[in-house]
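Engineer: Listed below are the residues making up each chain.
There are 2 protein chains.
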Amino acid sequence: MIGSAMTTDAYESLAAHWTRLHHLQHLAAIASWDRSALMPPKGNEARAAALAEISGLMHRKRTDPQLAAVIERAANEPLDDTQRANLREMRREYRLATALPAELVERQALVGLRCEHAWRRQRPANDWAGFVANFRDVLAIAREAAQRLADATGLSRYDALVEQYEPGMRSAELDRLFGDLRRWLPDLVAKVVARQSHETVVAPSGPFPLAQQRALSHAIVRLLGFDFEAGRLDESTHPFSGGVPEDVRMTTRYSEGDFTQALMSTIHETGHARYEQNRPREWLGQPVSVARSFGVHESCSLSFEMQLARSRGFADLLAPLLSEHFGAQRAFEPDNLHRLLTRVKPGFIRVEADEATYPAHVIVRYEIERPLIEGAIEADDIPALWDEKMRALLDVSTRDNYTDGCLQDVHWSDGLIGYFPCYTLGALYAAQWFAAIRRRAPDLDARIARGELGVVFDWLRDNIWTAASRYEIGELARRASGEALNPAHFRAHLERRYLMPQVTPPPQA
Amino acid sequence: MIGSAMTTDAYESLAAHWTRLHHLQHLAAIASWDRSALMPPKGNEARAAALAEISGLMHRKRTDPQLAAVIERAANEPLDDTQRANLREMRREYRLATALPAELVERQALVGLRCEHAWRRQRPANDWAGFVANFRDVLAIAREAAQRLADATGLSRYDALVEQYEPGMRSAELDRLFGDLRRWLPDLVAKVVARQSHETVVAPSGPFPLAQQRALSHAIVRLLGFDFEAGRLDESTHPFSGGVPEDVRMTTRYSEGDFTQALMSTIHETGHARYEQNRPREWLGQPVSVARSFGVHESCSLSFEMQLARSRGFADLLAPLLSEHFGAQRAFEPDNLHRLLTRVKPGFIRVEADEATYPAHVIVRYEIERPLIEGAIEADDIPALWDEKMRALLDVSTRDNYTDGCLQDVHWSDGLIGYFPCYTLGALYAAQWFAAIRRRAPDLDARIARGELGVVFDWLRDNIWTAASRYEIGELARRASGEALNPAHFRAHLERRYLMPQVTPPPQA
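Taken in sequence, the protein lines are chains L and G.
So the mapping is simple: the working numbering equals the position in the first sequence, first residue as 1, plus 215.
So the mapping is simple: the working numbering equals the position in the second sequence, first residue as 1, plus 215.
To be clear, the hints were calculated from the coordinates, so they are not data collected in a lab.
Cβ atoms here follow ideal geometry from the backbone N, Cα and C, with glycine treated the same way.
Careful, some of the hints might be misleading.
[Said to hold, decoys possible] To be clear about the criterion: a stretch of chain L counts as covered by chain G if any three or more of its residues have a C-beta under 8 Å from a C-beta of chain G, and this derived list gives those stretches:
1. 243 to 253
2. 432 to 444
[Claimed, not checked] Here are the simulated lysine to any residue pairs, SDA-like style, with alpha carbons at most 20 Å apart:
3. K276(G) to D279(L)
4. K257(L) to L239(G)
5. K276(L) to L239(G)
6. K257(L) to R494(G)
7. K257(L) to T234(G)
8. K257(L) to A244(G)
9. K257(L) to G440(G)
10. K257(G) to G440(L)
11. K276(G) to R496(L)
12. K257(L) to K276(G)
13. K276(G) to E268(L)
14. K257(G) to K257(L)
15. K257(G) to R447(L)
16. K257(L) to D449(G)
17. K257(L) to Q240(G)
18. K276(G) to L236(L)
Sequences and hints are given; from them, build the entire structure.
Structural biologist: Now the structure itself:
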């Protein structure tokens, strides 16, 4: 044991362990991407078996009983700050991974798969009764898993679920954030809708050939700084960003009749992708290099899609690209384009919602899934609550309309509870990041209009992307923006964009 | 131990072990395919590390010391014929996998990688001296590995290497086969060249747009029965067939100036692909379901590329497809097309060789690599021997021309010795298979011309593809064609195709 107090042997063996996990994760990620983007149908069964095999292998590695003692030994070694942050993340991963016995994880996957599979037919058939019969089982196991995670972490059931996606976030804080939104958002939405009812918007006239849309997407992605030497843009039924930090695989989906969906979803995924491409290279494979949280990931995609790409300045940048790819038309005139991309309209469907009404959809889900997991309500209570909350927040009724109401999302069918808040946390963080960027560059809109996006990329790179999991979320936010999460920035952003006159950027020099 | 003599517990645990290997192999295969077909350049390092990780993992599984005893126990269990064949293949795999210590495998990979990397520059630079300096190390390790394999199998060094690719094949048999070819092939080639010198061939006139070539390739691959629901055709620098039996990934490479290369290489890969797609489904994951050997695999690709696609009948089938995709031209007239696809011309380069001169290239390599591995000659002896043998067999001189001589192949640089014979074994087997198919369907050429390819596919499926590794090669050949490998069929095929008048198929009804 000579010199053991001065060595970092235990830490080094942990780092090697996580590097091996990183390599296996690489194969799982590429094979998963391939499954969604390329795989022919008859490959599915074999792929599922192969992915299950490597999942099991990784789970056994993550829960190796010897790790606990090595983690404790490493804590007494002379580590630098980043190593210590890495050890903190290792401990967190280990605690969450070991909280759930493999038997429960398998049972949960099985029941979730069955419920989700049936949901695909039940949703279009408006079959709540059929769904809830399966969902009761999903909920029972989700509660069991939440209890196990709660026991392991000392948190409440719901908070223990959230901890998996948004470390450090608690429902007390969510209550505060969402309570704040609840107070002013419905009124703001009503004002915006009234204001926009006086505006004229020229709709783009299609069709928009797929080859042109593909070329446009690649041009935009390049403009947004995605490194095509370290990633790809392909197509899949549901757009997503996958792969590995060294080789990020984005997908999108084109429709001939409407180019805006593919364009905006591509921009969204590019935000995710640049975070991944800019995780600290020297720490890849280690937990400290992993994206901070799902909320922070979403803050990157929404920084691109909402803060940047729907800004008035970006319309100046986009307009000539649209004319170049589709031929000029009146709808592409920048002021009109901006109005087109900032329509606000309360609706049933979360994934179709604009940035002003989106939080309401999340709050409805949060206010239902939290008491659901804590046992205060039961599965059968969902539809009435859904309708009541949608009326209160967005003034739309989903009574007896399960298809466009509580059956619209895949998440719960699969047992995924505690994730929804991340979407709105991402929107709040993105507004906070852009407030900080505006402090650094008060002429941000003019810069964007001129295509000088460097200030945005540099700020995100220095403060968010390369910081990865070095700091806990609160500290990350404070270092980046001077304060912990503050929803006032989101409110100010919406008021500025939707309730004040939009300034047309000055003509270019 | 009650009833232990009547159970198959040991066998079942082996089968489960190989199924797990199959799942890992699936991920390695898809990630390897992706690396060659899609991966952007900066992904390479991470991908290599991930593939090395899973290779190591699979090697440890394949050489698990507990397997030996379980294999012995399984041998005493009441197995059916297929299970017993499976156990035979498991034993063979285990014996070869355990023969080489991991340290040697790693050393070999490292030295091979260095030699191959330098070879990429040395070949175009005609730098034999630079190459041989690295190759001496490669050869030393290859001899060491061959000795280890020889010790484990009781074979000679060279035969032990061949055993990895062509189980059961021995150099005594190769001497007999290649000795036979050596006696009649140079004379036959000379006769064909003389005969073809009187023929007129109209060259196709390009360019041939890539989009049209892609569409043509897909049409041909479909015509050849490839199941696009269980595989894909993409593009890569070097065409290959990879993936997994449930999801076969073929690649090809298009050049605007010449459509025949991509077309013929696609047909070649489709032959490989259909073998993989038709391996016995109920045994996938088990060694008994694996392709019998590399020679038999090549017999499937050459059955498609040489026997079928360069037959006179196939030109009738191809001609309208070419006109459809590229517009009609005189070169596509079937008789001309057939002449175009059956040119014989002795040359320097193996991969550009026609089917008549190809075996000469393989014999040259066999007659050098065998004494090389056995220690009868040294690396420095290669160029003189190469030149001497190329003169004797093909009447071309490679003196001082290493680029187009002994430096042309990647195989040796990488330590791959004992593989070359498989190419010609494949050609011999393919001729033997087609002789059997002609016995079943004496009107084969007319059927091919009419597009009735079922008799070819059915014969290959019943006799080769689904037989997989159920029988040792000799028995496979006898069951399929009534005799062990017999080079007379290849000779008869060449004489029939190249020295007899080609009968134009009768006009279609």
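Engineer: Can you confirm whether the C-alpha distance between K257(L) and R494(G) stays at or below 20 Å?
Structural biologist: 14 Å, holds
Engineer: Is the straight-line distance between the alpha-carbon of K257(L) and that of L239(G) 20 Å or less?
Structural biologist: 18 Å, holds
Engineer: Do the alpha carbons of K257(L) and G440(G) lie within 20 Å of each other, as the hint requires?
Structural biologist: 15 Å, holds
Engineer: Is the Cα-Cα distance between K276(G) and L236(L) 20 Å or less?
Structural biologist: It holds: about 17 Å lies between the C-alpha atoms, which stays within 20 Å.
Engineer: Are the Cα positions of K276(G) and E268(L) separated by 20 Å at most?
Structural biologist: 14 Å, holds
Engineer: Take a quick look at whether K257(G) and K257(L) sit within 20 Å of each other, Cα to Cα.
Structural biologist: The hint is violated at about 31 Å.
Engineer: Can you confirm whether the C-alpha distance between K276(G) and R496(L) stays at or below 20 Å?
Structural biologist: Outside the cut-off at roughly 31 Å; violated.
Engineer: Does the structure keep K257(G) and R447(L) at a Cα separation of 20 Å or less?
Structural biologist: Holds, at roughly 11 Å.
Engineer: With a cut-off of 20 Å on the C-alpha distance, tell me whether K257(L) and T234(G) pass.
Structural biologist: 18 Å, holds
Engineer: Under a C-beta cut-off of less than 8 Å, do 3 or more residues of the region 243 to 253 of chain L approach chain G closely enough to confirm the stated coverage?
Structural biologist: Our answer is that it holds, as 5 residues pass the Cβ test (under 8 Å) against chain G, meeting three.
Engineer: Within 20 Å, alpha carbon to alpha carbon, are K276(G) and D279(L)?
Structural biologist: Holds - the C-alpha atoms of D279(L) and K276(G) are around 19 Å apart, at most 20 Å.
Engineer: Decide if the proposed pair is consistent with the structure: K257(L) and A244(G), CA atoms, cutoff 20 Å inclusive.
Structural biologist: Measuring from Cα to Cα gives roughly 16 Å; hence the hint holds.
Going through the hint list in order, the structure does not satisfy hints 11, 12, 14.
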